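Could you put the whole structure together from the sequences, leaning on the hints where they help?
Now for the letters of each chain:
Protein chains: 2
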Amino acid sequence: MAERRFTLAARTGAAFALRKGERLRVINSHGTQVVDTWAFASPGAFASPGAFASPGAFASSGEYLSLEHCREVLQKLFFETGDLLLTNLYRPILTVTQDTSPGRHDTLIAACSRLMYERAGRGPDHANCADNLAGALAAHGLRPAVTPSPWNLFMQAPVEPGGHIDFVRPLAKPGDYVELRAEMDCLLAFSACPDDVYPTNGGDGTPRDVEIHLI
Amino acid sequence: MAERRFTLAARTGAAFALRKGERLRVINSHGTQVVDTWAFASPGAFASPGAFASPGAFASSGEYLSLEHCREVLQKLFFETGDLLLTNLYRPILTVTQDTSPGRHDTLIAACSRLMYERAGRGPDHANCADNLAGALAAHGLRPAVTPSPWNLFMQAPVEPGGHIDFVRPLAKPGDYVELRAEMDCLLAFSACPDDVYPTNGGDGTPRDVEIHLI
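Residue numbers (our numbering), protein chains in the order written: chain A, 1 to 215; chain B, 1 to 215.
Derived from the structure by calculation, the hints contain no laboratory data.
The structure displayed is predicted, hence computed values, not measured ones.
Certain hints may be false.
Cβ pair distances, simulated, as ranges [what the hints assert, rightly or not]:
1) Gly175/B with Gln98/A: 49 to 57 angstroms
2) Gly205/B with Ala139/A: 47 to 55 angstroms
3) Arg23/B with Pro161/A: 28 to 36 angstroms
On the chain B side, residues computed to face chain A include the following (Cβ under 7 angstroms) [unchecked claim]:
4) His69
5) Arg71
6) Gln75
7) Leu77
8) Phe78
9) Tyr90
10) Leu108
11) Leu115
12) Arg119
13) Ala145
14) Val146
15) Ser149
Computed far set for chain B versus chain A, every beta-carbon distance over 12 angstroms [unchecked claim]:
16) Arg4
17) Ala139
18) Tyr198
Beta carbons are placed, not taken as given, at the ideal position from N, Cα and C, and that holds for glycine.
Quick look at the structure:
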C-alpha cells in the first residue's frame, strides 16, 4: 500500500492489499458511519486474470473472511479485541488488535445493494455497499462471484432475547477506531455505507467519510 | 420430483427440484437430527452446463436463499411459520408453511466441512455437509462456487444476551417436521448433518436418517 493514510469518501469503497503482520485502522471520523468490511485471501482467493474472460468466474478455492465460520469457532455474535477471525477454510486472516468504540459490530445483515434501495423506493442509481465492493475489487483486477456477508463495523443491530433484530444508530464517538492485523497476505475491502433508509448511519442519517490508516 | 417420499440416509445429502407452489416436508424421524438446508433459484442460479468446463465457474447472477437478507427483512435470527424467505436478490424463494418442532432453527453457523473435521482431529475422510451439498448439486449437473450459509433445520444454537452462542442438542420429537412451500421454481438441497463433534445431533450424538416428503 503506497499511501499510508486514506480518506474513504462518504458512499464509496476501496480495497487495500496487506501483507501478513501489517495493521490498519478504520477510523470513524464523525462517529456516525458504518463501514462494511470484507477480507479476501491473497493471491489464492481469485482465479487467474484469464479466468475472468468468463464473467463471474471465481476460483473454487475462493477464500475470504467468513462470518459464519467465525461465529462457529468464537461462539459469539459480535467480534471484539483479541479475536482471531477466520476464512471459510478456517485459516486466520485478521486479528482485532484494538477497538476504541463502544457497542458491537453487526455480523448478521446483508450488504446494502442496488436492489435494497429499489425495494425501498430510492431508485436504481443509489450508491450501495455491494457495488462499492465490486468496484474496489475491480480496481485490483478482481471480481467475486458473490458478495460475501459483510462485517459491518460500527453498525448496531442488537438482538433481543427472543431473536428480534433491531436497527439503531452507531454508538461511536468521533475518532473511534477499529484496528486489524493481517494474519495472512490479504485484500481488505471497505465501503462507507451509503445507507439513508435504515437508521444505520448515525446522527442525522447522512453517510459520511471515514479514514483508513495503515500503521 | 418423480418420487414423493425419500429417505435421506444418515450423513448424506440430496437435492429436489420444486416448481413454484409445491410443498415439501423435512421430517425429523428420530427427533435428533439436524438438517442443513439450501435453496437455489432455478434455472437462473447456475451457469449453463458449458460454463462448468471451467471448474468453479458460477453465473454472477447466482441466486440462492440468503440468510443475511432474510435476517435483514424479517428482523429476526430465527425463521418460523409464516415467514417468507428471500434470496440474495430479495426475491421470495420459500415460505415456512408449517413447523411442528419446538425450539429454533439455527441461521448463524457454517456448514460442517472436511476442514472442520480435520481441525477436530477426525481425519480427512469424515462425511460433511459441504461435500454433501456439492454432491447433491452435482447429481443435478450443477456446481456452486461457494457453499452458501446453510439454514440449519432443528439445530439449536441459542444466543445469550451478551452474544455468546451455545450449542445444544435438538429439541424435536420423533416425527416433528418443517414444511416449506416453493415461491419460485427452485432446487432445494438437504444434508442430514454428519456431525459427531459438536452436540449438534441429539440423543447420543449419532447422525440418523430423516424423511423428505413432497406433498
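Hint check: 7 angstroms Cβ-Cβ cutoff, Arg71/B to chain A: holds, 5 angstroms
Can the hint on Phe78/B be confirmed by a CB-to-CB distance to chain A that is less than 7 angstroms? holds, 5 angstroms
Gly205/B and Ala139/A, beta-carbon distance inside 47 to 55 angstroms? Holds: the Cβ-Cβ distance is about 48 angstroms, inside 47 to 55 angstroms.
Range first: 49 to 57 angstroms. Now tell me if the beta carbons of Gly175/B and Gln98/A are that far apart. Holds, since Gly175/B and Gln98/A (Cβ atoms, about 51 angstroms apart) stay within the stated range.
Go through the hint on Arg119/B and say holds or violated, using the shortest Cβ distance to chain A against 7 angstroms. For Arg119/B, the interface hint holds, since the closest Cβ of chain A sits about 6 angstroms away, which is under 7 angstroms.
Once the closest CB in chain A is found, is it more than 12 angstroms from Ala139/B? Given that every Cβ of chain A is farther than 12 angstroms from that of Ala139/B, nearest at about 18 angstroms, it holds.
Please settle this one: Arg4/B was flagged as non-interface, so is its CB more than 12 angstroms from every CB on chain A? Given that every Cβ of chain A is farther than 12 angstroms from that of Arg4/B, nearest at about 33 angstroms, it holds.
Arg23/B versus Pro161/A beta-carbon gap, inside 28 to 36 angstroms or not: holds, 32 angstroms
Does Leu108/B hold up as a contact with chain A if the rule is Cβ-Cβ below 7 angstroms? holds, 5 angstroms
At a threshold of 7 angstroms, is the proposed contact between Ala145/B and chain A supported by beta-carbon distances? holds, 5 angstroms
Minimum Cβ-Cβ distance from Tyr198/B to chain A exceeds 12 angstroms: Not fine: 9 angstroms to the nearest Cβ puts Tyr198/B too close to chain A.
Do the numbers back the hint for His69/B, that is, is its least Cβ distance to chain A under 7 angstroms? Holds, about 5 angstroms.
In this structure, only the earlier hint numbered 18 is contradicted, and the remaining ones agree with it.
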